[in-house]
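Peer 1: Fit chain D to the given chain H structure using the hints.
Chains as they are written, first to last, in the working numbering: chain H, 1 to 443; chain D, 1001 to 1130.
A few of these clues could be false.
[Said to hold, decoys possible] Label-pair distances were calculated between CB atoms; the ranges are:
no., chain 1, residue 1, chain 2, residue 2, range
1, D, S1093, H, D198, 35 to 41 angstroms
2, H, A58, D, V1062, 54 to 60 angstroms
3, H, T184, D, Q1092, 57 to 63 angstroms
4, H, L56, D, E1042, 51 to 57 angstroms
5, D, F1030, H, A100, 33 to 39 angstroms
6, H, D198, D, N1113, 34 to 40 angstroms
7, D, A1078, H, E88, 50 to 56 angstroms
[What the hints assert, rightly or not] Computed far set for chain D versus chain H, every beta-carbon distance over 12 angstroms:
no., residue
8, M1001
9, K1003
10, E1019
11, G1021
12, F1030
13, V1062
14, A1077
15, A1082
16, N1086
17, N1113
18, A1118
19, I1124
What the hints contain is simulated information worked out from the structure, not anything from laboratory work. Bear in mind that the values here come from a model prediction, so they are computed numbers and not experimental data. Built from N, CA and C at the ideal position, the CB exists for glycine as well.
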Amino acid sequence: MYTPHTDRDREEMLKAIGVSSFEELLRQIPQELRKSKFNLPPALTEPELAAHAAELAAKNSRLLNFAGGGAYEHYIPAAVRALVSRGEFVTAYTPYQAEASQGTLQAIYEYQSTVCALFEMDASNASLYDGATALAEAVNAALRITGKTKVVLPQALNPQYKRTLQTYFAPNSAVSFAEVSCKTGVQDVAALETAAQDAACVVLANPNYFGCLEDADEVARIAKAAGALLVAAVNPASLGAVRAPGGYNADIAVAEGQPLGLALGYGGPYLGMFACKKEHLRHIPGRICGITKDLDGKRAFVLTLQAREQHIRREKAASNICSNEALCALTATVYCALLGPAGMRELAELNLEAAHSAADKIAALKGFKIKFGKPYFNEFVVECPGDAAKLRDALLQDGILAGIPLGDMDPSLKNCLLVCATETRTPADIDALVAALRKHANA
Amino acid sequence: MYKPENCKYTKTHEWAFAEGGVAVAGITDFAQHEISDIVFVELPKIGAKTEQNKRCAVIESVKAASDFNAPVSGEVAAANDALSANPALANQSPHGDGWFCKIKMSNPGELDNLMDYAAYQEFIKQPAQH
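Bound conformation, chain H alone (with noise of 0.2 angstroms):
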């Protein structure tokens, strides 16, 4: 290990505190608990290092994808990770100092604005961990906004923002959930219209977990009649073809960022998007930040409205989060700049095309139809002759990832595969898949 300090370093600081040794201060530290052996292999050179972490990383199998679910490969310009990996951007935590952090916090800025223009709405928070955090957020404020205790989520919620809802809100039990069903790909209107009463909120993913579009005019009519919050989760990377939550009168609208620029990396670090109408402004979670004018008058960046924040306001500040995704959140800040409205309106444009040629060709195989027949994006449930998966685990053979089985999420979906085509998929891609799905079904 490398450490900067020299022995003499070391000598004067053992002096200035006035030990003779380093054996000395470690002295009140009992003999039992310092003989610990770390059982390590010896250290490598940097060469044998570097090959080892080459040997590793060929244990990654590289498969040809089509699974989403959350999670999505997109093609990430080269721009994107130039301008990211400056140093000047690599910065370990959030910046509290406006006076030596003014380009990450106008950085942070711009990012409030993208998502502001991206979501049509009016505040933007500085970003939170990811996706299902800023739902569980979202949620919260809407029990705090409303002080009603009932929440409204579709079936078709992604399963792992419903368990990280309840890794928030079980220890509450004053908090309910109410499920409404989704057996036609999208939320009961008749279910949703009873569920929604006295609620707080009621949830709308956009596209939702069968990769299904919404009717969100009804949604938002319902939770407006009923009066509650209307919360939307959308995939950002539909919005240049899908309508933006603030169109529909969402009052939350979240989304995981991941799409925007981000890698997979196997789950993270991912990007949460939060933002609201103004008049829950004081209710966002987490750090916001401001513009405003130095003593000279000239422009400048500041984290703001922190009153609202633990550090302040203790067991009543409106979240314990007090953090961001500094670095992802540029990376998506980024992404959007070098795309900008046109290029994320093609980019929305060649999702539906994939995911539909796909789509189309997989449901003239014998045995396979797609399973509902409403809008969707950029992923849709194929039902498939047999179980979904052993299917799924036959294409693995082939190097294919064919999707999501989703048996866990519903045994009555036993059959059914969850397929997303991005734009990183090719004509030839999509019928490799659909050669693969030909021959193992009939296998």
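Peer 2: The following block gives chain D in isolation, referenced to the frame of chain H:
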């Protein structure tokens, strides 16, 4: 104006001005000085229940958030929308335009638990008490 001499006071620096079963409530001049520039108040909703000495509103200054405790128990009959729109009113006119809410008292006898003007003036002279 809800004349300070005619108000009753909590130990947490709220005043109550009772008239016909309804108490108008606000923060004292001493409190607004201590809190300094108030940038936001979160007022209770009409119809909300209050309990004497329990939080019913929140006051934010630039660097701190403080609770506003109800001086009496009852039900909120009115909230000062002008204060929500312009929180500085609580600094400029704590006993006037900066009032917080009106509470329909469920137990007017509770007013006897509060300090009168003279007692409150004595109270704020004792630095350790607040």
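Peer 1: Please go over all the hints and tell whether each is borne out by the structure.
Peer 2: Hints, verified against the model:
At about 39 angstroms, the beta-carbon gap between S1093 of chain D and D198 of chain H stays in the expected band of 35 to 41 angstroms. Take A58 of chain H and V1062 of chain D: their Cβ atoms lie about 56 angstroms apart, and the range 54 to 60 angstroms holds. Range check, T184 of chain H to Q1092 of chain D: about 58 angstroms between beta-carbon atoms, so the 57 to 63 angstroms window is met. At about 53 angstroms, the beta-carbon gap between L56 of chain H and E1042 of chain D stays in the expected band of 51 to 57 angstroms.
Judged by the Cβ atoms, the range 33 to 39 angstroms given for F1030 of chain D and A100 of chain H holds: they are separated by roughly 38 angstroms. Taking 34 to 40 angstroms as the suggested C-beta distance range, the pair D198 of chain H and N1113 of chain D conforms, at roughly 35 angstroms. One distance hint, 50 to 56 angstroms for the beta-carbon pair A1078 of chain D and E88 of chain H, holds here, with the actual separation near 53 angstroms. In this structure M1001 of chain D is separated from chain H by more than 12 angstroms, as the shortest Cβ-Cβ distance comes to about 29 angstroms.
Listed as a non-interface residue, K1003 of chain D keeps its Cβ farther than 12 angstroms from every Cβ of chain H; the least gap is roughly 31 angstroms. Here E1019 of chain D stays apart from chain H, with its beta-carbon at least about 29 angstroms from theirs, past the 12 angstroms limit. No beta-carbon of chain H is positioned within 12 angstroms of the beta-carbon of G1021 of chain D; the least distance is around 25 angstroms. With 12 angstroms as the threshold on Cβ separation, the claim that F1030 of chain D sits away from chain H holds: the shortest Cβ distance comes to roughly 21 angstroms.
A cut-off of 12 angstroms between C-beta atoms contradicts the statement that V1062 of chain D is not in contact with chain H; the least separation is 8 angstroms. Consistency note on A1077 of chain D: stated as away from chain H, and its beta-carbon is indeed over 12 angstroms from all of that chain's, at 18 angstroms minimum. Here A1082 of chain D stays apart from chain H, with its beta-carbon at least about 17 angstroms from theirs, past the 12 angstroms limit. At the 12 angstroms boundary, the C-beta of N1086 of chain D stays outside the reach of chain H, the nearest C-beta of that chain being 16 angstroms off.
Every CB of chain H lies more than 12 angstroms from the CB of N1113 of chain D, the least distance being 24 angstroms, so the non-interface label holds. No beta-carbon of chain H is positioned within 12 angstroms of the beta-carbon of A1118 of chain D; the least distance is around 33 angstroms. The claim that I1124 of chain D is not at the interface with chain H holds, since no C-beta of that chain comes within 12 angstroms of its own (minimum 24 angstroms).
Violated hints amount to a single one, hint 13; each of the other numbered hints is respected by the structure.
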